[in-house]
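On the provided structure of chain A, position chains B and C as indicated by the hints.
Below, each chain spelled out in residue letters.
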Amino acid sequence: MQKVEPSRDSFSSRALLFLRTKISPMTIFWLVIVSILVLPILLFLAVAFSPKLLDQGPEWFTFNSFKAAADPYFLRSIWHSFVMGVVSAIFATAIALGVAWIVLRTNSAARKVWNLAIFALLLAPSYLIALGWERIFERAGVLNIFGIDVPFVRDLLYGPFGIAMILTFKGIPFAYLVISNAMRGLGEEFEQAVRVHGGSRLAAFKMMSTLLLPALWSGIAIVFAESISDFGVASQLSSPGRYSVATFTLYRSVMSIPVSFPLCAAISIILLLLIVVALLAQSRALRGRSFRVLSGRTRPITRQKLAPLGSFASNASIYALLILTLGVPVFGAISASMIQGLGTVISNYQINFDNYIRVIKSPLLRSPLLFSAEAALITATVAVILAAISSRMLVSTKNGAGKKFLDFFLLAAVGLPGIVFAIGYIFAYNLPLAQRYGFHLYGTVALLVLAYIATALPSTTRSLVGNMNQFQESLSEACRVHGSNGIKTWLTVVLPLISRPLLAAWCLTYCGTLLELPVSQILFPPGHAPLAVGIDHALGNYDFGGGTAMEVFAIISALIVVAVAFALYERLAPVGWKQLGRAHR
Amino acid sequence: MILGGSVAPAAHAADALQLYAALDYSTNVATAFTAKTGIPVSVTALSTGPLLAKITAEKNNPQWGVYWADGAEPCAAFDLDKQLLHYKPSAHLNAVGQKLAPKDGAYQVPGFTEMVGVVYNSSKVRKPTSWDDLASADFKNQVGMNNPSISGPTYPFLAGLMEQLGGETAMKTYVSKLKDNGMRVFDKNSKTLAALTTGVINVALVQSSAGITTAAKYKAAPVTGLTPEVTYLSKTTVLPSCLAIDGKASKFQQDAAKKFADFVMSSEAVQIMIKDNAGDSLFWPTLLGSKPATAATRMPSFTAGLIQVVDPYKYAPLQGAVQDWFAKNIA
Amino acid sequence: MSTSTNKGHRIKIEKARKNYGSLAALDGLSLTIEPGQFMVLLGPSGSGKSTLIRSLAGIEKIDSGSIFLDKQEVNRGPINIAPEKRNLAMVFQDYALWPHLSAFENVEYALQRRKLSKEVSRQRVETALERVGLSTKGKNYPHELSGGEQQRVALARAIVADPALLLFDEPLSNLDADLRERLRIEISTLTREIGATALYITHDQSEAFALADKIGVINRGKLEQVDVPEEIYERPINRFVANFTGIAGTFTGKVKRVSKTSCIVALGEDQLKVRHTVGLKVGQTVDVLIRPAATSFKKDSENKISSVITDVAYRGRGYEHAIDTKYGSLTGVFDNVSHPRGGRISVSIDPDRCIAFPTESK
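Chains as they are written, first to last, in our numbering: chain A, 1 to 585; chain B, 1 to 331; chain C, 1 to 362.
The following block holds chain A by itself, in its conformation from the complex (with noise of 0.2 Å):
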């Protein structure tokens, strides 16, 4: 039995006890975020106020980007911005409810497809599938081609009601995730005590959302984030007269020449005040509650056998939605790069291989390819594992100024369009002042990288949240008084608990760094061209349909990866691990 020494001098053991809390893995965690995240935004907001700082202008101080940024013109299009980023949330998230309900408790045939199709969801670009929505109904579209048509329905998904259903679409698989994650650590016990007392499966059903609120509210929170962040919908299916919002609006005051960034960071503030509303709403409706429900008293589910018309129901719905979600894209794509002259022809138009046959061989896409999968891969994990402590940090009771702090931020990071963040980077690591003390991070591989993390580490952390709500603070209490440290309680049991959940977080990082655009344009080396600099080179070129053909590539390998990761894990992972959460049979 260990005989624990006694003390030695007061001093040193004082100094040794403050060093211990003092700089701990959590300094080092916070001096990362500080630097890759808050830091580029601070400075990139900072240039509202102050463009002189950055050279940008010629006051040091000054409200004028503000003044011209409540032109009414900005103002309408940042309303534009709120209402779609708050329809598009609702909806989406309703949605992922209910697919998620039907995924993960019924036996629902459908279920099946649904897992496989999600990761392909995450991966459409949103501006594919306006352009899908797009071949369909344009003026010389598909249903155009069959005689039918109806400016009526053209005008519709021209405006807001167009913009706001693909924002849905694209926001849904967001927000199943989320609340797949936490809705798989609930165990029946709730709903089961509805039923007992008398409550119909409607109240069953209702009283497992609320158990859910926390996911929920996060569903919202980030579907409003990506909403109001997205450029690719808007730039395709909106004009700045017709419907405009604020992400175009920034997009082209980045893009104007000449460019005004004091304006740009002007609008951002005001983009950001959109998102402590959607901060303080979901805060506000979480308060007080407990959602602690994961423990090693979680017995696993067991599905609901759905009768005859619920199973049709259920299994019908899924697949209108995959339908119209993914049909819709997957359409866009193929008669993007296939059908040469769609549109323009009674007969004869051609479908074939060409633009994939050429591709293949292309340098624009292979060299791309290789770069932006190996960045994606270190993208992922890096982030996997900083998204974790982060959401413990925003899950736990200790109501810390640090966490409020990391809340902000990670959420003003989604809701700031990526070139915004990009522009931050150069500012931060641009500084003649960092280049004098030898730090040569600017135009680097590595900067690019830890950009990535960067941009990829908000939505990755708030999928975590809802797993991590639900961890009961016993278990890792028991490993700090059996004998472990800090670390190694995460190493064996907060990481293996939430295993499944980290492997999709993965998964999902992977697949938006693979096609990362704007940070990509901006910040990339000489001679490192990322995956969608190369397609964007391409489409360029006139060339639409090679560049198409070089996107599915991508989606397609990507779908590859995750396919290898969930695989070794089903292989590989511990049996303890892949039993949480699992449904018996």
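Read the hints as simulated data drawn from the structure, not as lab findings.
Each residue gets a CB set at the ideal place from its N, CA and C atoms; glycine is no exception.
Treat the hints with care, as some may be off.
Unchecked claim - Stretch by stretch, here's where chain C covers chain A in the computed footprint (C-beta under 8 Å, at least three residues):
1) 471-483
2) 489-498
3) 568-577
Structure of chains B and C alone, referenced to chain A:
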């Protein structure tokens, strides 16, 4: 790949010429330059918008040595901001070149294209004859153009209209007429042309090089119902491709940049630039005695009187406001 | 596992203070626990016992004060030595078994800090599981075990590494009655076998009395009384302690006569001879707190009060009655035979087992 090149910058500014270019042939020219002079070149190839965003963001610690893209207004703006190194290569320019290149060597103009080439689907519509014709009933809901806020080459088109029609107001009136006639706006050349080939529009107002490339493609591989052809209306505005040198770069960069400018203004470089005979290669060189790529001869030349040159120094300061107006009213 | 005694830590808590906002969870609490001693902290919820045990474990911090394990200061104000360095173990109220590990692996985890060889480790784990009667359940996962079995695994996990301090955070409150008693005996014997110091918190006074070498009654962050169970029961230092350690009922009356350790209290028509532990004055209004053990239906007694029987409960060994008197009701009146509900009967009260305290002004 990543682990190898991770911490060291790809080619540190001290050792290589930093070329920021939005033209396809820039990489080939850079390679040839390095082979000839031994000076390594680090090429950042992006479209004009992101390229200028990057330059502006790096303003407090500029990284670029040479900027090379279509459109003189950005260079004029740089010059008005006193950012450029003035340099006159020894090469001789032809008549157009002498009109385009600033006398004080603020920037070089190795070549030019035209804004706009009017690409029309001859299977669906007749050939437009004038700017006013485009606003007529025959072309209702048929016309598409680029968005000047996103497409670098497009503002010069508007500048040209201002020059031809007599001022900002006249230009706005005309463009509004087009809009009332159902004109649609797309992000850039590629998107506008995509709209043409899929039948969303039948007349595309794009950069001449883009238009010719597309027309040639469908000539080589015909598709029923889609026969794009290119025409030019009076007047068409010259779009110079411009090469500028950073006045704040290190001595090494500036020396290398001057050598690079000299190289670009040489017949050897012109041959490299026109080699592809499509896309960006379809320009008119300003070097005295050079001929353009074979496909490019379809462009009207300066001597035909259909073309005008606008003063970028006059129109650069107006760019922000015009783009703003366009975004709010036309796009 | 060895059976030597006194291998445990000596615990010294000095003036520990902890506030949650304006609420004082620990209010300058001081306590000493000798090595190998089994100390039970008894108190209602919110009394601070949970905070104290968690601070001792190192998973919570105190605001000021000190905690010593033997001579080492492990808490000084908010500065903590990490839990994993304190050589202790803990059994939690919700068992806290790791769901992704089997029972065997759960127990084995706690042994990793001893860095033993794989074979020795395996043997110790199996011995521990056998000791709690679960040798056949090693491969089962927590969700495949009942509540009682899970808690036994938690107990095996706590003792397997032979820690110097064992902490128990209300481990039996989630179990059903007969299981509770069996497990209580396990806890009692196992802990004493390994000779660790033990701190056990509960709100159940019968549990506390059964287990403890010493009991500390805690209320609102302060220790009211620390003593052996017999003293706490026989001579509670104040009203709170008396109330919390088992009262059949309370009668209010006026003091008629006072002597050193006893007094006569007048209750309307009757009077009772009772004990007192604090000083009392003639004429003072007092509450007489009556222990269940004080009550019976014996015929010969100094104190007799007439009553009506309101309820009878069969307890196997006999019958417990609830009665109503003019001055209040009493529960737990035991007899070998049952007396019918509604019947009139005289209840006698043992003067030695009821205590008078001054009535608190409301």
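**Report entry** Within 8 Å of chain C (C-beta), three or more residues of the region 471-483 of chain A
**Finding:** Check passed, 10 qualifying residues.
Query raised in the report: Do three or more residues from the region 568-577 of chain A put their C-beta atoms closer than 8 Å to C-beta atoms of chain C?
Result: Satisfied; 3 residues make the cut.
Query - Verdict on chain C covering the region 489-498 of chain A, where coverage means 3 or more residues with a C-beta closer than 8 Å - result: holds (count 4)
Of the numbered hints given earlier, the model fails none.
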